[in-house]
Amino acid sequence: MKARIHVYLKPGVLDPQGAAVAGALKNLGFDEVENARQGKLIELDLSGDDADAAKTRVEDMCKKLLANPVIENFTVEMD
Amino acid sequence: MKSAVIVFPGSNCDRDAAMAIEKVTGTAPTMVWHQETALPDGTEFVMLPGGFSYGDYLRCGAMAGVSHIIPAVKAHAEDGKPLLGVCNGFQVLIETGLLPGALMRNASLHFVCEKSPLTIENGNTQFTSRYGSTRDVIIPVAHHDGNYFADDETLDRIESEGQVVFRYARNPNGSARDIAGIINEGGNVMGMMPHPERAIDADHGGTDGLAVFESILGSA
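First to last, the sequence lines map onto chains A and B.
Positions 0 to 78 (numbering that gives the first Met the number 0) are the ones given, in order, by the first sequence.
Positions 0 to 219 (numbering that gives the first Met the number 0) are the ones given, in order, by the second sequence.
Read the hints as simulated data drawn from the structure, not as lab findings.
A quick note: this is a predicted structure, and the numbers were derived from the prediction, not measured.
Keep in mind that a hint or two might mislead.
As the list claims (entries may be wrong) - In silico DSS-like links for lysine-lysine, alpha-carbon gap of 25 Å or less: (1) Lys1(A) x Lys62(A); (2) Lys73(B) x Lys63(A); (3) Lys73(B) x Lys62(A); (4) Lys22(B) x Lys114(B); (5) Lys22(B) x Lys80(B); (6) Lys63(A) x Lys25(A).
Unchecked claim - Where chain A lies over chain B, by a calculated footprint (3+ residues, C-beta under 8 Å): (7) 49-63; (8) 78-86.
Said to hold, decoys possible - Here are some chain B residues the structure puts well away from chain A; computed CB gaps all over 12 Å: (9) Asp15; (10) Met30; (11) Thr36; (12) Leu102; (13) Thr118; (14) Asp202.
By construction, the Cβ of each residue, glycine as well, lies at the ideal position given by its N, Cα and C atoms.
Whenever a hint applies, use it, and build me the whole structure from the sequences.
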C-alpha cells in the first residue's frame, strides 16, 4: 500500500519560496503566472491491507511529525 | 550549577555553548548525545545548541524534536528548570511545542550572518536579569530559517505576557513584530535565534551575550 501526503502552507502564511518561483517564471516570459505556492510531497510504502486504518495512522504521522500544524495543512491519498 | 548540552547529528555550536557555560561556571557541562534517554543526575540547566540537526530535513528541528533525549528534556522543562535553545535549538523548542509559533525560511530567502543589534524587551527573566538597565545589545545571527511566525492572537498574547524577550532593531529575516527571542509562560524555557554563546569574548568581537549565561548560571 502507498500513501501520498501533500504538505502545504496554510492560506495567509507568507511563502517566500513560492513568491521566488513565481518571479522566476515571470522572468522566463510566463506572464500568466499570478502566484505560486510551494509544498512537499511525501510517499510512504506501508505494510498491511486495511486502507482506512492505514489512513488514520498516516494522519497521526502527519500531526506528530510530517506537518507543522501551526503553518501547514496536509492531505492524504491512499493507493 | 550542573549543566548539560544536548548534541544532535549536525549540531555545530555545541562546543561554543560548552565554552560559554564553562566560562561562567568554571565547570564544563556534560555533553549528552541525542540517543541517550536520560539527563545526568542533578542536571539543573540544559542547552540545545545551534547547528543543522539532521541536515534540516523535513523542517528545521523537526527530526531532533522527536529524538530519544527529548522526553527527558521536556520533563526537565516541566519541572520548571531552565532550558535555553539557541538558533537550531530554538527551532527544536518550537517543534517540540515547548514554545509557541513557527520559524520559517527567511523572507529574503538568504542565509543571514551578521552582528545583529537587538533590544532587550524583558530584562526580568532568569535569562536576562544580569543585563541590568542595558537594553541595546549586539549579538550575532547566522541562520536561514529564523522568520518567526505565529497568528495574531498568539502574538498579542505573548506580547502582553512579557514573553517577547529579544527584538531585532534591524529585522534580518522578516520575523513577525521583529521577534528574536521568546520565553514560555512559566519563564523557564527561552528560545532565541541570535547566538549569545558567540558573544562572550572581546577578542571574538564582543561580550554582549555573556549576561545570558551569567543570568541563568548565577555568577560573575
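Evaluation of the provided hints:
no.: 1; hint: Lys1(A) x Lys62(A); result: holds, 18 Å
no.: 2; hint: Lys73(B) x Lys63(A); result: holds, 16 Å
no.: 3; hint: Lys73(B) x Lys62(A); result: holds, 19 Å
no.: 4; hint: Lys22(B) x Lys114(B); result: holds, 22 Å
no.: 5; hint: Lys22(B) x Lys80(B); result: holds, 21 Å
no.: 6; hint: Lys63(A) x Lys25(A); result: violated, 37 Å
no.: 7; hint: 49-63; result: holds (count 3)
no.: 8; hint: 78-86; result: violated (count 0)
no.: 9; hint: Asp15; result: holds, 27 Å
no.: 10; hint: Met30; result: holds, 26 Å
no.: 11; hint: Thr36; result: holds, 18 Å
no.: 12; hint: Leu102; result: violated, 10 Å
no.: 13; hint: Thr118; result: holds, 23 Å
no.: 14; hint: Asp202; result: holds, 37 Å
Of the numbered hints given earlier, the model fails hints 6, 8 and 12; all others are met.
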